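Protein chains in written order, with our numbering: chain A, 248 to 657; chain B, 867 to 1275.
Because the hints were derived from the structure by calculation, they are not lab data. Treat the hints loosely; a few may be bogus.
One-sided excerpt, in silico: chain B residues whose CB lies under 10 Å from chain A [claimed, not checked]:
{"no.": "1", "residue": "957"}
{"no.": "2", "residue": "1000"}
{"no.": "3", "residue": "1146"}
{"no.": "4", "residue": "1252"}
{"no.": "5", "residue": "1255"}
Calculated pairs, DSS-like style, for lysine-lysine (alpha carbon to alpha carbon, straight line, at most 30 Å) [claimed, not checked]:
{"no.": "6", "chain 1": "A", "residue 1": "541", "chain 2": "A", "residue 2": "394"}
{"no.": "7", "chain 1": "A", "residue 1": "394", "chain 2": "B", "residue 2": "997"}
{"no.": "8", "chain 1": "B", "residue 1": "987", "chain 2": "B", "residue 2": "997"}
{"no.": "9", "chain 1": "A", "residue 1": "526", "chain 2": "B", "residue 2": "987"}
{"no.": "10", "chain 1": "B", "residue 1": "986", "chain 2": "A", "residue 2": "526"}
{"no.": "11", "chain 1": "B", "residue 1": "997", "chain 2": "B", "residue 2": "986"}
{"no.": "12", "chain 1": "A", "residue 1": "526", "chain 2": "B", "residue 2": "997"}
Quick caveat, the model's predicted, so the values are computed rather than measured. No residue lacks a Cβ here, since even glycine has one placed at the ideal position from N, Cα and C.
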Amino acid sequence: MPQSIHTFRLDNGLSVVVETMPHVRSVAWTLLVQAGAATDPEGQGGAAQLLNGMIFRGAGERDARALSNALDELGVQRGGGVGTEYTTFSGSLLAEDFDDALAIYADVVRRPQLPAGELDAVRGLTLQSIQSLNDNPGQRLFNEFSKIYFPGPFGRSSLGEPDELQRIDHASLQADHATRYLPAGGVLSVAGGIEPERVLETARRLFGDWQGTPPALPQPQLRAEPLYQHIQQETAQTQIAIAYSSLPLGDPHYYHERLGLGVLSGSMASRLFTEVRIKRGLVYTVYASPRLHKGLALILGYAGTQPERAQETVDVMLAELARISEGVTEEELSRARTGLLSAMVMQGESSSARAGAMASDMFLIGRPRTLDDIRAAVESITLDGLNDYLTSHQPQNFTVITLGPAPVSV
Amino acid sequence: MRYDHHTLPNGLTIVGEYNESAQSVAVGFFTRTGARDETPEISGVSHFLEHMMFKGGERYSAEEVDRVFAGMGANYNAFTSNETTVYYGAVLPEFQERLIELLADMLRPSLRQSDFDTEKKVILEEIAMYKDRPSYAVYDLARMTYHHGHPLGNSVLGSTESISALERDRMLEYFERRYAPNNMVVALTGKYDWQAAIAQIEQVCGTWQPMDTPRALTPPQPIPQERMQPEPQRDRVYLAAVAPAPAAQDDSRYAADVLAWIIGGGRGSRLYWALVYPGIAQSADISYYEQDGAGAFYIFASCAPERTTEVIDLVRSTLQTVQAEGITEEELTRARRKIASGLVLNSETPMGRLTSVGYDWLYRQEIEPLSDTVDRFLALTAADVDAVLQQRPFDTLTLVGIGPLAEAS
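All chains should be modelled from the sequences, with the hints used to inform the complete structure.
Shown next as structure tokens:
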């Protein structure tokens, strides 16, 4: 059965995308607003995070408790959060209550009370999240990685920086909300047991008279030079991140990169897992995954291992990343293809997964990809075609970051 | 939904929840074994053995196991708890037979010495990984302290020492004692072919020999206690508390779940408003763990060191207040609604239902249709929740903490 996906664009620039899933009782949505860490006002890193906390502390006619109770009474399972490029508000519930739930979120996003007395508590929670990074070294590594890889606003931590968080006052948050929580470039993505006409009508009613355009995203650059940095921390395991540039979604060779990555890290049969964990027992966790941004992408590899084995782990990982340019076997390609397509089919069973994936597609390339699109793109790539591509596009200029008791040599 | 059930002559039970509109099939082999079935000398063997199953049986090598899974595009893994070990995969319906064939082969493992030696290093890395995460370490400490010697307090991972000393033959001996067909359940969910499944499982697993697989079900003897483990290198304090709760076989488990949700099931709960909303703690929540013969409530909180006493006092007073005064009708309505909606949403994928279906049989030898579970939650009354509170679970609180603290007991 072909997928039933409809896209609309409201006059204010908010995209609405709906996938009607037969036999599904739930509806899931993702509302994406272009207010992320990258557009936090200068010197106010963490502003988007504070706003995301503050807007749930009362909106429309409801105070914080009434808001929370109303969502629970509808059975809404809540999700979302602040990223580099945007903030998302997602949820899922039984289809019949969708309109009521979205109306509450319209209040949250458009009409938050932003009570001044709550700012210190919200700021305190964010500061605690930053403090707790030391007790989750993997998370701390990724947080530091972005700052190092993308110097400037694009690399900011979505949690912000303690000194800058302290400088954000109530008036500047109000101004920030008015400047950034705006519809243009935003996405409302809905999937599940619901018809597109009903979603469009609800979206028009709740968001049609919302007007404005948030500030443009900064234009980051992928690193063109190799880099190694070490972060000192007395941990039981050395944390390793290895990154290199890749192709963004929408690029004609995107699926070549994706299949190459599938051979490297798509499953437990992939090269990194086989060479680093199964054969050598160097790690519990090792993988490489894509980080997709608008117009650019990188691949980020990760491993954690005890310090005395960190050097060998880095060496094996780098060797495997380089070896991909020698080409892959037919069997490897077939597994990578199957893995990608099977994951898509299974994603199609979950309304939440579909709503999230479509919102991301809309943001990155302005249209949702269907399973048929992806199948056609993946099946059109032959072994020779993939190997021609891989041999002429060797991964290079690795950025390597380690966190632990001692550095490695790179 | 259709419910299926079949038991082979050797005691292996196969259960299923069929969903015509699903796109995939999920299959799980559920084994009634885990850390509580270990002695101190083999601490961690259940979990280590779970890893070794992926090294293959007669038919496949370690690398081949993962290649066959990946060739099907399977979403697969395994997990070990204190009392169960589960191996599962989800695939497109055309791969049902291959998936069952592979899982069944894995569960009669070769335990090759070279694989054992390499995988031991992986387990030691996993132990090291959790050493860096006090939010996990505090859970182990709480479980161990609460049970003080009872096998339910055993660590799933084991220690660096117990794993380093473990020998392959001890693992084989443990495997032979625990992985008997009468101690296992195969669960299927989604769009499966039932007749094909039982015929294949009978053929492949029908020769597995049943045996006596006893488990000590003596109840834990918790006592009120407090124990702080100083770790000066930490910036934050991680607290955990444990209290007795209904067992997995007890009908009051639904009420226990609702009670936990009201006290600390996330945003909107009492612990959230008392501790997280005002920024006193970064997190504070409680969950109900149903376990074989003896359930427990687990409470977790994290905070800045200087607020530790305040957080402990607020956790204790929140628990005591609900125990003394009960819950409100409004709280009950919201909790029932939220849990019911979560159950329905989660059931839309075969993987989302697999654990519930497998555990239903493992713990209770029944399959409760999803709609019955939803109805049981929706029918709960404040009196049902009061019945759980009348056992006064929070009078017997074990509270532990990790962080830059002074030692106390």
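To see whether the hints hold, each was checked on the structure:
1. Hint on residue 957(B) holds. Least Cβ distance to chain A is approximately 7 Å, under the 10 Å limit.
2. A cut of 10 Å between beta carbons decides the hint on residue 1000(B): the least distance to chain A is about 5 Å, and the hint holds.
3. With a cut of 10 Å, the hint placing residue 1146(B) at the interface with chain A holds, because the nearest CB-to-CB distance is about 9 Å.
4. With a cut of 10 Å, the hint placing residue 1252(B) at the interface with chain A is violated, because the nearest CB-to-CB distance is about 21 Å.
5. Interface restraint check: residue 1255(B) against chain A, minimum CB-CB distance 21 Å, threshold 10 Å, status violated.
6. Of the pairs offered as hints, the one joining residue 541(A) and residue 394(A) holds, with about 18 Å between alpha carbons and a cut-off of 30 Å not exceeded.
7. As the CA atoms of residue 394(A) and residue 997(B) are separated by approximately 26 Å, the hinted pair is consistent with the 30 Å bound.
8. For the proposed pair residue 987(B) and residue 997(B), the alpha carbon gap of about 15 Å is at most 30 Å, so the pair holds.
9. Restraint check for residue 526(A) and residue 987(B): satisfied, since their Cα atoms lie roughly 11 Å apart, inside the 30 Å limit.
10. Between the alpha carbons of residue 986(B) and residue 526(A) the distance comes to roughly 12 Å, so the proposed pair stays at or under 30 Å and holds.
11. Restraint check for residue 997(B) and residue 986(B): satisfied, since their Cα atoms lie roughly 17 Å apart, inside the 30 Å limit.
12. Restraint check for residue 526(A) and residue 997(B): satisfied, since their Cα atoms lie roughly 24 Å apart, inside the 30 Å limit.
In summary, the numbered hints that this structure violates are 4, 5.
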